Amino acid sequence: AQKITQTQPGMFVQEKEAVTLDCTYDTSDQSYGLFWYKQPSSGEMIFLIYQGSYDEQNATEGRYSLNFQKARKSANLVISASQLGDSAMYFCAMREGLTGTASKLTFGTGTRLQVTL
Amino acid sequence: DTGVSQNPRHKITKRGQNVTFRCDPISEHNRLYWYRQTLGQGPEFLTYFQNEAQLEKSRLLSDRFSAERPKGSFSTLEIQRTEQGDSAMYLCASSPAVQYNEQFFGPGTRLTVL
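Sequence order for the protein chains is G and D. For the first sequence, the numbering used here gives the first residue as 1, with consecutive numbering after it. For the second sequence, the numbering used here gives the first residue as 1001, with consecutive numbering after it.
Among the hints, a few may not be true.
To be verified - Partial chain G-side listing against chain D, Cβ under 10 Å, derived: (1) 6; (2) 25; (3) 45; (4) 93; (5) 104; (6) 108.
Said to hold, decoys possible - To spell it out: a stretch of chain D is covered by chain G in this simulated footprint if at least three of its residues, at any positions, have a beta carbon under 8 Å from a beta carbon of chain G; those stretches are: (7) 1012-1021; (8) 1044-1050; (9) 1078-1087.
By construction, these hints were calculated from the structure, which means they are not laboratory data. Nothing here was measured: the structure is a model prediction, and the numbers come from that model. From the three backbone atoms N, C-alpha and C, an ideal C-beta is built for every residue, glycine too.
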């Protein structure tokens, strides 16, 4: 069974600093995808970044990068140059199967990030 | 592109009543997912459709829950004889069939059972 673990219930970061949100996963599949979503107080889940299990390079999307360490089964999210608008819940999620596979996402319990002045 | 929409956004009901939620996916997305999110937790998968076919159901989806997607477009999620434990945010997501990883989420329906 798939499992996602996020061990940081809450994190604080100063504006303009970088922050790393931790995520470890467990799966017996060789093919899988890892996702990060942001959930502001409004409730909508916003997709941030994706990493496939066979991708050799770490994914990057603007200020977001995913530090993928396959052997350690970790997929940490790095946010550079934090902004006040980054304050939100962040969820790590996994989907078993390759790109295009119709499969559910399994989510972690989330990390609440608070950006301070 | 109007995104995934869900109605109603909020629903308050008394225990034992039936409720129905609607999800309109992004047009031409043939995959539609339902998740439930309780306070302090990440979303949990309930069920998903490919076109009008319901292909997977979670064990979380008890006999009181039923989901449909009759014409492969919008979907409804009905909860019969609601219980206080059903109080949660119900999220809908959609995705295209191939060559895409992201599931696009709607704003959710927050259910409160008194």
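Which numbered hints fail: 2, 7 and 9
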